[in-house]
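Student: Following the hints, position chain Z against chain A.
Going down the list, the protein sequences come from chains A and Z. The working numbering puts the first sequence at residues 1 to 315. The working numbering puts the second sequence at residues 316 to 630.
One should not assume that every hint holds.
Claimed, not checked - Just a few of them, taken from the derived set where beta-carbon distance is under 8 angstroms, the chain Z residues facing chain A:
1. Ser-341
2. Ala-343
3. Phe-349
4. Val-379
5. Leu-381
6. His-551
7. Leu-598
8. Tyr-602
What the hints assert, rightly or not - Here are the computed distance ranges between Cβ atoms for each label pair:
9. Ala-211/A - Glu-396/Z: 54 to 62 angstroms
10. Ala-624/Z - Gly-224/A: 56 to 64 angstroms
11. Thr-51/A - Asn-490/Z: 58 to 66 angstroms
12. Lys-52/A - Gly-591/Z: 33 to 41 angstroms
13. Lys-279/A - Arg-575/Z: 36 to 44 angstroms
Calculated from the structure, these hints are not laboratory results. Since the structure is predicted, the reported quantities are computational estimates derived from the model, not experimental observations. Where is the CB? At the ideal position from N, CA and C, for every residue including glycine.
The lines below spell out each chain.
Protein chains: 2
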Amino acid sequence: MSDGIPESVTQQDRGARNHVRSDLGSAATPVTYFAVPMQQQFAANEQAVATKPYAGAFAHDPTVPLDWAKSIQDGPMSPDEANSPTEADLAALVANVDSYADSGYTVLEGPTGYVQSRMVMPGVTSEMMRWWFVWSPLESERYTLWFPQAHISNWVEDPDRIADTSLSFEERFYNNVNYVKEYIGSQALPIEIHFTTPSEIGLDEAALKAAGFTISASGYCCFGMAPEITTMLMVHLGRDTDQGMEWVSRYWIGTHPAMRRFPGGDKAAALFEKLGMDKDGLLNLAYELSVHDMTEYTNLARILPGLFARFSKEA
Amino acid sequence: MSDGIPESVTQQDRGARNHVRSDLGSAATPVTYFAVPMQQQFAANEQAVATKPYAGAFAHDPTVPLDWAKSIQDGPMSPDEANSPTEADLAALVANVDSYADSGYTVLEGPTGYVQSRMVMPGVTSEMMRWWFVWSPLESERYTLWFPQAHISNWVEDPDRIADTSLSFEERFYNNVNYVKEYIGSQALPIEIHFTTPSEIGLDEAALKAAGFTISASGYCCFGMAPEITTMLMVHLGRDTDQGMEWVSRYWIGTHPAMRRFPGGDKAAALFEKLGMDKDGLLNLAYELSVHDMTEYTNLARILPGLFARFSKEA
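Just chain A, same shape as in the assembly (with noise of 0.2 angstroms):
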């Protein structure tokens, strides 16, 4: 049995998870469940963004790939068939996307709540992603366009420069740190997302462009009550292929031993301890999370090209 997974998880198969396509080719089915705080947060959304120009992209009836729903509803992957937050498995990685599940959640050790995701969005351009890194945290409202029942709020430390078009992409968005708020289950979660350039989190740049990546979203995170400690790493990338833009994404949530080359990855442990997250919360935290990012960005990838059309031009 592997270290970091609770035994009931080995004993079930996990022979069919390895060839789930998570993709939006799979059958579009409407989200059963919302924690009650959510479904408030909701209406409070709905209110908040009806005076917007946008407000035609606030999503009502929201829907997830089945398969995907349903890979990650059969429990918790192997951890060996993970990736590990070390340099060495982010370049793994990046090298064999192809040779990963599409979808899945477990803890690592640490312990160290995981979940990976591949996806395919038609009709997507890795150029209207972009974009959307540097418009949406400009207003708490457009931040809710990507997930109505979850997202709160968002800013950014420094909107001048994320504003400033005459600047690239990369200058806009890296090292602006996103405070965004934002309900992971029935949890209302503050986090301080930052954004950095790969090399910074330990992705090799010459690889990532040999891949055919262009566009990093990627960062560490930390919780607004403990803003000096490392609780998260977070890799976003993409890259344009013929049925859209290609979408790979892992967050890793814990005290992996990897974390500690992060600004105060060291008292880690500490927090956790004190916040109570032991193995089971951090596999609770994982699922949540992976629910999380399945819906918020199948949502972005059907709202993404109406509103680039419509409001790139501006900003």
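Tutor: Relative to chain A, chain Z alone:
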């Protein structure tokens, strides 16, 4: 603003809910979310049921009526449109089932978590349902068929009596405590269900007969950790129609004044306080109970005709 309902709730338009149909005639849609402990319980149940002759009825891909799932995703219903647990409101329910929305959850005074539902089960008869309630408690594995992700175990106070086919359904079933353990959301709750004759909980038996109801699986409930304190009233009433069996359910969990008529009901307030279950907690629990009720009865409606045909002759 009504007492007992969070302010955010009343901001929402409730107009649509009154006309929601939640019977099985509406489109079935796959469930897209199961809390991690329920995923793990499913795996354990699947192993336990494998050698049973009824293992074929263990459902792997639960669906729920789409309209029903959507209706309870829009937030709590108005308490003004709910039934209270008073005898007068039980009488109003029996006399005018059609005047209430087919699904909903909210918080009433006390506070008291509240769930209502009504569905029609094609191909199911009240005779089948009576059989289910005396057949299923005899093995925990049978009980898991009902809701493979959520049901853990059940045993009954007097198994000989519930199995005695020389007695009537009522003689076998009533005042024969069911000791169930099941997940309501991510929380495993031990519940002692005191199914009683209708009159013992304040239902008028002549009125039930006049309205055509031919089964009542109703009673009061206690948590396993405080078996002398009534914390829940549960009403399930069934009658046969041309479209199948109509099934009407109500749950009240909390400290409504009318709950004091049940054993230990006057001690419930102190217990809920000790458990930290306040108004928000009971609202969450009501939604989880609503999702549970929707999922388990939708699934039971699907498997019951086949189980009855195959196994009712032996018990």
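Student: All hints, please: hold or fail.
Tutor: Hint-by-hint comparison with the structure:
Among the interface hints, the one on Ser-341/Z is violated; its C-beta lies about 12 angstroms from the nearest C-beta in chain A, farther than the 8 angstroms criterion. Violation of the interface hint for Ala-343/Z is found here, the shortest Cβ-Cβ separation to chain A being roughly 11 angstroms, above the 8 angstroms cut-off. Satisfaction of the interface hint for Phe-349/Z is found here, the shortest Cβ-Cβ separation to chain A being roughly 5 angstroms, below the 8 angstroms cut-off. For Val-379/Z, the suggested interface contact is upheld, since its CB lies about 6 angstroms from the closest CB of chain A, less than 8 angstroms.
With its C-beta approaching chain A no nearer than about 6 angstroms, Leu-381/Z sits inside the 8 angstroms limit, and its interface hint holds. Taking 8 angstroms as the C-beta cut-off, the interface hint given for His-551/Z is violated, the closest approach to chain A being about 22 angstroms. Because the closest C-beta pair between Leu-598/Z and chain A is about 6 angstroms apart, less than 8 angstroms, the hint holds. The closest approach between the C-beta of Tyr-602/Z and any C-beta of chain A is roughly 5 angstroms, which is under the 8 angstroms cut-off, so the hint is satisfied.
Between Ala-211/A and Glu-396/Z the CB atoms are about 57 angstroms apart, so this pair conforms to the stated range of 54 to 62 angstroms. For Ala-624/Z paired with Gly-224/A, a C-beta distance near 58 angstroms keeps the hint of 56 to 64 angstroms intact. For the pair Thr-51/A and Asn-490/Z, the beta carbons lie near 60 angstroms from each other, so the given range of 58 to 66 angstroms is met. Distance hint for Lys-52/A and Gly-591/Z: a CB-CB separation of about 39 angstroms, consistent with the stated range 33 to 41 angstroms.
Our hint of 36 to 44 angstroms for Lys-279/A and Arg-575/Z holds, since their Cβ atoms are close to 42 angstroms apart.
Hint compliance for this structure: hints 1, 2, 6 are broken, all remaining hints hold.
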